[in-house]
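2 protein chains.
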Amino acid sequence: MLNKIVIFGVGLIGGSFASALRKAGAVGEIVGVGRSTASLQRAKELGLIDRIATSVEDAMRNADLVLLAAPVAQTHAILSRIQPCLESQTVITDAGSIKGEVIAAAERALGAQIAQFVPGHPIAGRETTGPEAAIPDLYVGKKVVLTPLPQNSQEQLARVTQAWQLCGANVHMLSAQEHDTVFAAVSHLPHLLAFALVDECARRDNADTLFNYAASGFRDFTRIAGSSPEMWRDIALTNKAAILGELDTYLQQITALRAMLAASDGPALEAMFANAQNARHAWLQNIEKAEAQPEQDRDA
Amino acid sequence: MLNKIVIFGVGLIGGSFASALRKAGAVGEIVGVGRSTASLQRAKELGLIDRIATSVEDAMRNADLVLLAAPVAQTHAILSRIQPCLESQTVITDAGSIKGEVIAAAERALGAQIAQFVPGHPIAGRETTGPEAAIPDLYVGKKVVLTPLPQNSQEQLARVTQAWQLCGANVHMLSAQEHDTVFAAVSHLPHLLAFALVDECARRDNADTLFNYAASGFRDFTRIAGSSPEMWRDIALTNKAAILGELDTYLQQITALRAMLAASDGPALEAMFANAQNARHAWLQNIEKAEAQPEQDRDA
Numbered sequence: 001m002l003n004k005i006v007i008f009g010v011g012l013i014g015g016s017f018a019s020a021l022r023k024a025g026a027v028g029e030i031v032g033v034g035r036s037t038a039s040l041q042r043a044k045e046l047g048l049i050d051r052i053a054t055s056v057e058d059a060m061r062n063a064d065l066v067l068l069a070a071p072v073a074q075t076h077a078i079l080s081r082i083q084p085c086l087e088s089q090t091v092i093t094d095a096g097s098i099k100g101e102v103i104a105a106a107e108r109a110l111g112a113q114i115a116q117f118v119p120g121h122p123i124a125g126r127e128t129t130g131p132e133a134a135i136p137d138l139y140v141g142k143k144v145v146l147t148p149l150p151q152n153s154q155e156q157l158a159r160v161t162q163a164w165q166l167c168g169a170n171v172h173m174l175s176a177q178e179h180d181t182v183f184a185a186v187s188h189l190p191h192l193l194a195f196a197l198v199d200e201c202a203r204r205d206n207a208d209t210l211f212n213y214a215a216s217g218f219r220d221f222t223r224i225a226g227s228s229p230e231m232w233r234d235i236a237l238t239n240k241a242a243i244l245g246e247l248d249t250y251l252q253q254i255t256a257l258r259a260m261l262a263a264s265d266g267p268a269l270e271a272m273f274a275n276a277q278n279a280r281h282a283w284l285q286n287i288e289k290a291e292a293q294p295e296q297d298r299d300a
Numbered sequence: 001m002l003n004k005i006v007i008f009g010v011g012l013i014g015g016s017f018a019s020a021l022r023k024a025g026a027v028g029e030i031v032g033v034g035r036s037t038a039s040l041q042r043a044k045e046l047g048l049i050d051r052i053a054t055s056v057e058d059a060m061r062n063a064d065l066v067l068l069a070a071p072v073a074q075t076h077a078i079l080s081r082i083q084p085c086l087e088s089q090t091v092i093t094d095a096g097s098i099k100g101e102v103i104a105a106a107e108r109a110l111g112a113q114i115a116q117f118v119p120g121h122p123i124a125g126r127e128t129t130g131p132e133a134a135i136p137d138l139y140v141g142k143k144v145v146l147t148p149l150p151q152n153s154q155e156q157l158a159r160v161t162q163a164w165q166l167c168g169a170n171v172h173m174l175s176a177q178e179h180d181t182v183f184a185a186v187s188h189l190p191h192l193l194a195f196a197l198v199d200e201c202a203r204r205d206n207a208d209t210l211f212n213y214a215a216s217g218f219r220d221f222t223r224i225a226g227s228s229p230e231m232w233r234d235i236a237l238t239n240k241a242a243i244l245g246e247l248d249t250y251l252q253q254i255t256a257l258r259a260m261l262a263a264s265d266g267p268a269l270e271a272m273f274a275n276a277q278n279a280r281h282a283w284l285q286n287i288e289k290a291e292a293q294p295e296q297d298r299d300a
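Those protein sequences? They're chains P and V, same order as listed. Start counting the first sequence at 1; every next residue gets the next number (my numbering). Start counting the second sequence at 1; every next residue gets the next number (my numbering).
You may find that some hints are simply not true.
[Claimed, not checked] To be clear about the criterion: a stretch of chain V counts as covered by chain P if any three or more of its residues have a C-beta under 8 Å from a C-beta of chain P, and this derived list gives those stretches:
id : region
1  : 4-12
2  : 68-80
3  : 206-217
4  : 245-256
The set of hints was computed from the structure by calculation and includes no laboratory data. Given the structure is predicted, the values throughout are model-derived calculations rather than measurements. For glycine and all other residues, C-beta sits at the position ideal for the given N, C-alpha and C.
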């Protein structure tokens, strides 16, 4: 039981976390903090939070658990405001898509109290944003990756793990570097590729004709190009080294594919396409298997 | 009213065409031809076709309309078998994703009778294939692109147009070259990019870890990498020149994106992402508007 949790950023991610813990009957008071008064008011009306903090000091008083669910670029500013009133029993976690830069920002802001920060990343989302989009089931069956610091105590790590498990999530542990490398490949690169494709098509003289005949394949391929430009600018810049590596690998792969096609090498093209089809099929089967047995998928 | 139509290839595309015309009460007899006896039997059991042709000659006798819905690479072989028994009242159309190479194959096979061939491409599909996947509503509200030949008569063009309109489709006209250029950009390129990404991930030592953390963004981006390797090998090879041009344009775009990121040029990255987000948003709004007013969208 958490007597008091504090959510910085009461949108989809923070609001759903609050809503899930409330539904699980696992929390006393939920306090919201944020830049937008309108969002905070709406979160209170929707019952996501019990009250809006009058100040960071007020929010942090007697807090058991703090979730940072604001854009990653605000991490240092928020933690700098938290630090002067951070009590020893409080554990802070976050929901940022990048872990290396978040940890660096946390170290600068928290100094010796860095042990109280357990970095995390829930692998869940929806097309919509804001408190209206928050739902208690957002994390059910989803993965949450924690990238614990050497300074974290077992008790602190367990508190954050249990909170996410109460939301229905399967908690996994990775190093921050492994996290950022893996997500550069399977999330950040595809986002940049989708943005780049739509941007390029939109700049052409015949863009209207192109979009007129674009169908469901194009629609799914580019769904992630509908994501927030500001958020993805920040992710690109904060995970720059890993993403540059992924872009180079992909440029090599496309150059190799181009050479196969230029040589009319049908067997090589078919082998590449078949390898991709098989790998994707096996992946989807594993997902279905994991979803059928959610308890066995829990690492922690 | 079409007294007799013939479907070469009674899978998703051919079977749905037959099923839609039947539902519209627009056809007398539907005859199926194909390489797979099992598929033909199943199509007959499902009521997609009235009977299986005993020979191509039998199929073509007194036919009003023929749809080629077999893989594009079989176009020349099928039309070569049709040509000796092609009667003057019969119109042939096809459903191939490529038009330039299909027309070249048709000219070689049909010679002076090329006037009876009206090339077409329905922009519709589903994840599943085969006669079991055929549904009468597959083409409702979807686009069908016809790329008429100078030799086609108005009557022949009208017969094919009306057949697709009876299926509920909106018929558009493009030149074959324009068709192949447009679809290289909005369909063929994204398919190759998706195949390339999954193939590259699957070859890595840490492929299991990568796929373990791949989420819904990766899933949608790579959905089209689940497509048929043989079909996409054929499409790539038959639309090679246009696709090579698209690959070069995209390689330039990714190289430019890489340079922005290497220079930590946040404003340039955000401008590219925002242009893509805006273009995609406007495109989806146009689709929704068109779907709300299907009749006004019909070009023909």
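Against the structure, the hints:
With 0 residues having a Cβ less than 8 Å from any Cβ of chain P, the region 4-12 of chain V misses the three-residue criterion, and the hint is violated. Evaluation of the coverage hint for the region 68-80 of chain V: breached, as 0 residues show C-beta separations to chain P shorter than 8 Å, against a requirement of three. Counting residues of the region 206-217 of chain V whose C-beta lies closer than 8 Å to any C-beta of chain P gives 10; at least three are required, and the coverage claim holds. With 8 residues having a beta carbon nearer than 8 Å to a beta carbon of chain P, the region 245-256 of chain V meets the requirement of three or more and the stated coverage holds.
In this structure, the earlier hints numbered 1, 2 are contradicted, and the remaining ones agree with it.
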